[in-house]
Amino acid sequence: MINFRQIFLTIACLVLVWVTPARAAPAAAASRAALLTSFCATDGDKAAALGQLVEVVVSPNAQDRAWAGRIVDAIRNGALVCGTGGHVTIQGSPALDAVSLQPSVAATADSPYVPSIVMMRKLAVASAEMDLFAPQQDTRSAAARQVDKFFALLDPAIVARAIKQERDPDTATVLTLALAKRGLNSNVQADRLAAIKAVAEVPSETARTALANFATQDSVRSDPVVLAAVHRAILRMDTWLSFGKVFSILFSGLSYAGVLLLTALGLSIVFGLMGVINLAHGEFIMIGAYSTYLVERLMQAHLPGLFDAYIFVAIPVAFVICAVCGMLLEFFVIRFLYRRPLETLLATWAISIALIKLIQVLFGSQNVEFITPGFLNGGMQVAPGFFVTFNRIFAIVLALLIFAATFALIRFTKLGLLMRATTQLRDTARCLGVPAERVDRIAFGLGAGLAGLAGVVLTQIASVNPSMGTGFVVDSFMVVVLGGAGSLAGTVVSSLALGEINQFIEPFYGAVAAKVVVLLMIVLIIQKRPQGLFALKTRV
Amino acid sequence: MKRRTFLSAVSSGLVAAAGSSLPKAVLAAGTSEPIKLGLLFSQSGTMANGESLLKDTALMTIDQINAKGGVLGRQLQGVVVDPASDWPMYAQLSKQLILRDKCAALFGCWTSVSRKSVLPVVEAQDSLLFYPLHFEGEEQSKNVVYLNSPPSSSVLPAIDYLMSDQGGSAKRFYMIGSDYVWPRTINKMLKGYLKTKNIPDSAWREHYVPFGQSNFQTIVRDIKDFAAQPGGQAIVVMTVVGDSIPAMFKEAINQGVRATDIPILGLDVVDSDLEGLDTKPLVGHLSCWCYFQNVDTPQNHQFKSDWKNYVSAHSLKHRPDMVIDPMVSTYLGINLWAQAAAKANSTGTDAVRKALAGQSMVDPAGYSVKMDASSQYLWRGDMIGSINANQGFDILWKSKDIVKPVPFSPFIGKA
Numbered sequence: 001m002i003n004f005r006q007i008f009l010t011i012a013c014l015v016l017v018w019v020t021p022a023r024a025a026p027a028a029a030a031s032r033a034a035l036l037t038s039f040c041a042t043d044g045d046k047a048a049a050l051g052q053l054v055e056v057v058v059s060p061n062a063q064d065r066a067w068a069g070r071i072v073d074a075i076r077n078g079a080l081v082c083g084t085g086g087h088v089t090i091q092g093s094p095a096l097d098a099v100s101l102q103p104s105v106a107a108t109a110d111s112p113y114v115p116s117i118v119m120m121r122k123l124a125v126a127s128a129e130m131d132l133f134a135p136q137q138d139t140r141s142a143a144a145r146q147v148d149k150f151f152a153l154l155d156p157a158i159v160a161r162a163i164k165q166e167r168d169p170d171t172a173t174v175l176t177l178a179l180a181k182r183g184l185n186s187n188v189q190a191d192r193l194a195a196i197k198a199v200a201e202v203p204s205e206t207a208r209t210a211l212a213n214f215a216t217q218d219s220v221r222s223d224p225v226v227l228a229a230v231h232r233a234i235l236r237m238d239t240w241l242s243f244g245k246v247f248s249i250l251f252s253g254l255s256y257a258g259v260l261l262l263t264a265l266g267l268s269i270v271f272g273l274m275g276v277i278n279l280a281h282g283e284f285i286m287i288g289a290y291s292t293y294l295v296e297r298l299m300q301a302h303l304p305g306l307f308d309a310y311i312f313v314a315i316p317v318a319f320v321i322c323a324v325c326g327m328l329l330e331f332f333v334i335r336f337l338y339r340r341p342l343e344t345l346l347a348t349w350a351i352s353i354a355l356i357k358l359i360q361v362l363f364g365s366q367n368v369e370f371i372t373p374g375f376l377n378g379g380m381q382v383a384p385g386f387f388v389t390f391n392r393i394f395a396i397v398l399a400l401l402i403f404a405a406t407f408a409l410i411r412f413t414k415l416g417l418l419m420r421a422t423t424q425l426r427d428t429a430r431c432l433g434v435p436a437e438r439v440d441r442i443a444f445g446l447g448a449g450l451a452g453l454a455g456v457v458l459t460q461i462a463s464v465n466p467s468m469g470t471g472f473v474v475d476s477f478m479v480v481v482l483g484g485a486g487s488l489a490g491t492v493v494s495s496l497a498l499g500e501i502n503q504f505i506e507p508f509y510g511a512v513a514a515k516v517v518v519l520l521m522i523v524l525i526i527q528k529r530p531q532g533l534f535a536l537k538t539r540v
Numbered sequence: 001m002k003r004r005t006f007l008s009a010v011s012s013g014l015v016a017a018a019g020s021s022l023p024k025a026v027l028a029a030g031t032s033e034p035i036k037l038g039l040l041f042s043q044s045g046t047m048a049n050g051e052s053l054l055k056d057t058a059l060m061t062i063d064q065i066n067a068k069g070g071v072l073g074r075q076l077q078g079v080v081v082d083p084a085s086d087w088p089m090y091a092q093l094s095k096q097l098i099l100r101d102k103c104a105a106l107f108g109c110w111t112s113v114s115r116k117s118v119l120p121v122v123e124a125q126d127s128l129l130f131y132p133l134h135f136e137g138e139e140q141s142k143n144v145v146y147l148n149s150p151p152s153s154s155v156l157p158a159i160d161y162l163m164s165d166q167g168g169s170a171k172r173f174y175m176i177g178s179d180y181v182w183p184r185t186i187n188k189m190l191k192g193y194l195k196t197k198n199i200p201d202s203a204w205r206e207h208y209v210p211f212g213q214s215n216f217q218t219i220v221r222d223i224k225d226f227a228a229q230p231g232g233q234a235i236v237v238m239t240v241v242g243d244s245i246p247a248m249f250k251e252a253i254n255q256g257v258r259a260t261d262i263p264i265l266g267l268d269v270v271d272s273d274l275e276g277l278d279t280k281p282l283v284g285h286l287s288c289w290c291y292f293q294n295v296d297t298p299q300n301h302q303f304k305s306d307w308k309n310y311v312s313a314h315s316l317k318h319r320p321d322m323v324i325d326p327m328v329s330t331y332l333g334i335n336l337w338a339q340a341a342a343k344a345n346s347t348g349t350d351a352v353r354k355a356l357a358g359q360s361m362v363d364p365a366g367y368s369v370k371m372d373a374s375s376q377y378l379w380r381g382d383m384i385g386s387i388n389a390n391q392g393f394d395i396l397w398k399s400k401d402i403v404k405p406v407p408f409s410p411f412i413g414k415a
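Protein sequences, first through last, are from chains F and H.
For what it's worth, my numbering labels the leading residue of the first sequence as 1, then goes sequentially.
For what it's worth, my numbering labels the leading residue of the second sequence as 1, then goes sequentially.
Since the hints were made in silico from the structure, they are not lab data.
Backbone N, C-alpha and C fix where the C-beta goes; we use that ideal spot for every residue, glycine too.
Treat the hints with care, as some may be off.
Stated by the list, open to error - Pair by pair, the computed Cβ-Cβ distance ranges are:
1) L346(F) - E123(H): 36 to 46 angstroms
2) A66(F) - G192(H): 47 to 57 angstroms
3) A228(F) - G232(H): 17 to 27 angstroms
4) K280(H) - A404(F): 29 to 39 angstroms
Take the sequences, apply the hints, and build the full model.
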């Protein structure tokens with residue numbers, strides 16, 4: 001009997017505890033509304049309001065935590081809308097009442113709360129601090145990196161709690177480091193030395209900035225032990241960072257070279273091997289880019305599941321479209337103009353303008369919008385001070401693959417043999433039964449198709465509009481002329497040289513100076529070696 | 001025979017040109033013919049995108065004024081020409097508009113170089129050009145009406161904001177621009193201004209790229225490098241134009257530069273530049289203009305719905321839901337001209353110019369704008385916009401009232 005009563009009491013107590021949050025709801029609603037009002041009021045103390053929000057985050061009540069998380073997200077996405085009469089809603093379908101998170105009607109004339117930059121920083125930290133307690137390991141480690149990035153703004157109490165709870169050692173290390181950077185401000189010498197040591201372990205730009213700022217403080221200058229430790233740490237970090245700097249210059253030279261190679265490869269066949277001055281080359285690049293655009297749109301409409309793969313689908317599509325355009329151009333225009341370079345030049349220039357206008361009529365002259373496939377977004381930190389972006393790596397890899405394929409085609413296939421034969425000794429080749437006209441057409445188509453491939457890659461790097469090709473055609477001619485007409489190897493070497501030289505000059509003297517120097521260099525080299533760096537040995 | 005008719009056509013053209021140098025007030029008086037306004041906006045070439053928007057805005061405004069009965073009891077008529085983004089062509093066509101078509105005033109130009117090319121023509125013919133873009137200042141002609149703000153009343157307040165506590169207390173400045181007069185003048189002025197704020201020379205870095213530059217790898221890396229130096233928060237003041245704007249933003253996104261790390265103040269960025277971009281990673285970067293389309297005033301809702309209706313009624317290719325500052329400026333210019341002509345009871349240049357001083361109206365941004373009596377610059381409100389996730393701008397800050405335009409910056413000499 002007594003036992004039964006005890007059990008009943010226990011259950012009653014549990015129920016009471018469980019019910020309490022629900023009963024407290026009206027009070028919570030009032031404080032929630034007050035919090036939200038301070039975000040909306042023009043003179044409200046937004047930073048203090050955010051501080052309160054973050055406190056809610058670590059509160060034991062799961063409902064409140066979820067609510068605070070939702071509000072911070074809404075503010076960051078610009079979805080918190082301040083209505084007339086203090087009615088705050090979260091935009092979306094359906095719109096939610098910001099206090100109760102129940103569906104609500106949002107008035108149309110409301111204006112969103114626009115956070116200032118300082119608030120955005122605080123919001124980023126607040127949201128990361130919330131994520132530190134997320135169940136998913138990935139979310140937590142991303143949040144830890146974010147907290148580390150804004151170490152000056154972190155809340156030590158919350159981060160310390162997160163470290164205590166963290167099971168993944170790497171994430172805990174990142175958080176400890178963030179705390180250490182903040183801990184530089186401690187007054188105890190031992191703490192400071194430990195913090196310096198911890199920060200120096202992981203070189204990065206932000207860490208160097210933190211240390212350099214630290215070294216200028218009066219309290220540090222007066223303490224020779226700490227000062228020496230800071231200088232040692234900075235020196236060590238500088239070594240690492242300068243390595244990173246050299247690598248990143250090399251990398252951007254390489255990626256610029258990749259773009260040059262891609263755009264020049266087609267031209268090196270058309271101009272180098274066939275001797276046709278094709279000023280419409282840039283427009284084939286542009287058509288390749290617009291083909292990609294069509295593929296992207298179609299995939300988005302019909303195959304949203306495979307959307308990210310559109311860039312790979314676009315490769316054959318753009319190649320075929322451009323190759324067909326190229327062959328048509330050859331059939332209707334170029335073949336009547338072989339060995340008449342001046343007329344070819346004028347005719348292809350006219351075609352280039354006509355194509356630009358045609359695309360302008362069809363698509364309009366504004367830039368077209370591309371949604372970058374997920375795997376090409378962003379980049380990664382390879383080493384301190386050395387950051388590579390995925391779209392550039394993609395361009396480099398694709399350029400190399402396309403070059404290898406082209407090289408193999410010219411070198412090792414029968415078609416390649418016929419092409420080389422036709423270009424080197426046209427009449428003899430014809431006497432031996434080579435169908436020179438057909439070979440010309442295919443070679444021209446190949447050149448145009450390669451330009452189309454360049455267009456596919458450029459959609460991820462440059463802006464796409466009808467006149468995008470005009471800039472590239474000049475660069476392409478530069479590469480081909482410098483490399484030596486007709487030599488694929490020359491094209492590679494000259495694009496690599498131009499890319500690297502350009503990117504080595506640019507950080508010191510600017511992009512304009514880099515262009516000037518590169519062009520002057522080309523003039524000088526062409527004077528000494530009119531046939532280019534790699535001259536093709538022909539008997540003509 | 002053909003040649004003779006051609007010659008006679010030319011000579012009659014010359015006679016007509018000579019006749020038109022009569023005072024315009026005489027020609028304007030007492031007829032019920034429409035009053036002609038010259039619209040000098042390119043519809044082809046690189047500027048076609050922006051300028052054709054302004055041309056259609058001008059035609060819409062003219063329709064609106066005509067619907068209310070026109071000016072001085074006469075209808076207005078817009079005379080459209082296409083200078084094809086070719087700067088000397090602006091001068092030639094402006095001459096044609098003034099002499100052959102006898103336009104009462106000209107509205108047009110986007111780039112500073114086209115304005116400079118029209119300037120000698122309107123001065124020689126004593127006509128009026130209403131110029132709707134914000135620009136580098138340092139110019140004042142009695143024949144040009146400047147409808148948008150000079151840098152001292154738009155760029156400097158934005159810099160002040162970014163240097164304030166609320167704006168993130170910027171201490172260091174990276175200036176990146178296209179290589180021509182507007183960015184160079186703006187940056188020169190900015191450096192002079194920073195000097196008065198006791199910012200040391202080591203706290204800024206300046207870089208220019210050629211027109212149409214699309215490779216911003218090195219620049220963005222340099223920006224990150226600059227921002228990592230000690231000395232305080234760094235910001236980017238971006239004055240690149242045209243295609244370079246999306247290219248620069250793309251690279252910033254890829255290299256992970258967010259507004260929370262290094263805010264970018266893009267002085268020439270309008271909504272249409274963001275069209276091709278995923279703006280989620282760009283949220284928080286800034287721009288400053290006298291008008292952003294998200295401003296919540298009844299005048300703006302009216303203007304936006306008028307534009308939407310106009311675009312669909314004339315089946316134009318423009319986006320019906322996008323309005324940018326230069327369009328509003330064009331709209332203001334034509335209305336102010338109409339008010340001044342009505343007040344002067346004449347369309348003559350001198351009379352309109354006199355009546356123009358002190359004219360005011362409520363603009364779509366909600367300010368009561370006012371024409372400066374001495375400088376022919378318009379007093380307007382100033383706003384800072386913050387890029388949002390929907391390829392537009394949210395209004396982060398706006399001036400309490402209209403700001404006095406200062407055509408000649410006192411900071412340029414200090415740099």
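Okay, the hints, checked on the actual structure:
no., hint, in the structure
1, L346(F) - E123(H): 36 to 46 angstroms, "40 angstroms, holds"
2, A66(F) - G192(H): 47 to 57 angstroms, "52 angstroms, holds"
3, A228(F) - G232(H): 17 to 27 angstroms, "25 angstroms, holds"
4, K280(H) - A404(F): 29 to 39 angstroms, "37 angstroms, holds"
Comparing the model with each numbered hint stated earlier shows that all of them hold.
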